[in-house]
Amino acid sequence: MRFALEFDHVTKEYRSMFSRRRLCALDDFSLRVETGEIFGFLGPNGAGKSTAIHLAMGFMRPTSGRGRLLGENFGQASVRRRVGFLAESVALYHRRAEPLVRFYGALNGIERTALRKRAHEVLEIVGLQDHANRNAGKFSRGMLQRVGLAQAMVNDPELLILDEPTSALDPLARVMVRELLLAARNAGKTIFLSSHLLSEVELICDRVAILNRGKLARLDKTANLLQSGQQTEIVVSGISTKNFDGAVARNGFVSFCIPAQSQRAALEKVWNLGGEVVSVNPVRRSLEEIFLEVTAEPKAAAPEGIR
Amino acid sequence: MKPVLLIAVNFVREQRWPILTLLLWVLLLAFLGLVTDIHRQREDLLFVFKQDAVYVLAFSVFFGGSAIYNERRSRRILGVLSKALSRQQYLSGLVLGVTIASAVYCFTLGLTGSWTLGAAGFPISHVWFLMVCLVAACMLAGTVALMFSTFLNPFFAAGATAMVLGVPALAGQIFGARWGYVIPVWELGATVLNSSFNSPGRASWVPVLLAGGETVAFWLLSARIFAHVDIAVAVE
Chain U
784 MRFALEFDHV TKEYRSMFSR RRLCALDDFS LRVETGEIFG FLGPNGAGKS
834 TAIHLAMGFM RPTSGRGRLL GENFGQASVR RRVGFLAESV ALYHRRAEPL
884 VRFYGALNGI ERTALRKRAH EVLEIVGLQD HANRNAGKFS RGMLQRVGLA
934 QAMVNDPELL ILDEPTSALD PLARVMVREL LLAARNAGKT IFLSSHLLSE
984 VELICDRVAI LNRGKLARLD KTANLLQSGQ QTEIVVSGIS TKNFDGAVAR
1034 NGFVSFCIPA QSQRAALEKV WNLGGEVVSV NPVRRSLEEI FLEVTAEPKA
1084 AAPEGIR
Chain L
2 MKPVLLIAVN FVREQRWPIL TLLLWVLLLA FLGLVTDIHR QREDLLFVFK
52 QDAVYVLAFS VFFGGSAIYN ERRSRRILGV LSKALSRQQY LSGLVLGVTI
102 ASAVYCFTLG LTGSWTLGAA GFPISHVWFL MVCLVAACML AGTVALMFST
152 FLNPFFAAGA TAMVLGVPAL AGQIFGARWG YVIPVWELGA TVLNSSFNSP
202 GRASWVPVLL AGGETVAFWL LSARIFAHVD IAVAVE
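Each protein sequence line maps, in turn, to chains U and L. To get this note's numbering, take the position in the first sequence, counting from 1, and add 783. To get this note's numbering, take the position in the second sequence, counting from 1, and add 1.
Because the hints were derived from the structure by calculation, they are not lab data. Treat the numbers as computed from the prediction; the structure is a model and nothing was measured. Where is the CB? At the ideal position from N, CA and C, for every residue including glycine. Be aware that a few hints might be false.
[Unchecked claim] Looking from chain U toward chain L, a few residues come up when the C-beta cut is under 7 Å (computed):
1. 840
2. 846
3. 868
4. 889
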């Protein structure tokens, strides 16, 4: 298995220059992001998400531990040629959008003719082709974020690391970015997405990690996380709501939730009562519920296993 | 080399307003050349010329000392360093940018100086030699400021730079002229400031070459320091 991004027992402490105060932003953090997946990276403010991303990009050094970006140790400039990065609160130079994208592309060593064509392409992808000759300094925050995405994609990267890429975007632009990321994943790219927009993450991410207080609190496939695994919803017809605790009548059917281990007994009871089973489904939870549950814990639980 | 040039040109572009403001002072020299009786007012012209030379030296420290700070504070540095660009290349670009900014100014000062001072009897070749001295001094002063700015804020970086540049000058005054060559910014500045119509000064290339060599040394030192600096941490 090839990994696009690996953190191996990484700890990062911030130390004040003059006092003895220390802040542990990441604590023995390990994570592996597989190639070709969209990986959701969640956590409350101050959980250490941006620190992890900045370590991966080589903007800072870990206090201990190590990590690899596309197989190379963190901090190697040459590997960043294959990476696209969009920082949180994107900040760009005040110049026209197309030359700006070309400037960032040129820093990655893209040849001039190819770069001109590619800059035009990426601006079209993010829907800014009509604003290519406008000064980015006069753009709205949402437009700036789209230019930021364009500069991140200008080198056609194998790995996209995006820190809050949709925070300032309107719903239409969010759908555009979502489709863009799905298309990139289908083209074999890896996307590492840090976001507070849990509904977005729920829709597009293959796996999700939740970081809390510098520790990995939860890591699983999105589908697994969303299935509680403990509750089953059964919808039946031909019986009364009185037969099951908490059962409700809806559109001529009766539905109720029971613990998963009681499922067989409940179904037999329905049949014995002369009822018909319409559907049996595991209860799905929202990512928001899981996020709140994980981050509300007084201390982050250790993950069961790191993939 | 291309990324270094891109960073340098981008730096000059970002500093275009301070550079243009500085150039206004040079235009003042040209204006004086137009409106004064050059032969009678030549000492005044030389005074303005020297004053303009001091400005660019101060501005090169300002440019070098604030370059990284401004980029970090605006977070633009993240976008630049997320590309296939090493920190050493980034710093090289900034050093080159400071040098280009100073050179543009010195070239313009040289042009107006050749016109006004040349007409007043100052050797034109010596005007250009003084400009080379000035560019070398600016390059070294800017690089020293840049080195300090990798770990200090611009205010302290400027103070530390003034100390590093000033101590050899002071030692030169007390213990002998040789000490002035340790970091020859003062020596190069003095070459410009001490020149006069009666005695334009001796053209010695030693401090110019020393400044070039020391610029490389300070650039390497700053790259070494900057490689260990966490750049995504809040500046303040």
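To see whether the hints hold, each was checked on the structure:
1. For residue 840 of chain U, the interface hint holds, the least distance from its beta-carbon to any beta-carbon of chain L being 6 Å, beneath 7 Å.
2. A cut of 7 Å between beta carbons decides the hint on residue 846 of chain U: the least distance to chain L is about 10 Å, and the hint is violated.
3. Given the 7 Å rule on beta carbons, the hint for residue 868 of chain U holds: about 4 Å separates it from the nearest Cβ of chain L.
4. Interface hint at residue 889 of chain U: satisfied, since its Cβ lies 6 Å from the closest Cβ of chain L, which is below the 7 Å cut-off.
Hint compliance for this structure: hint 2 alone is broken.
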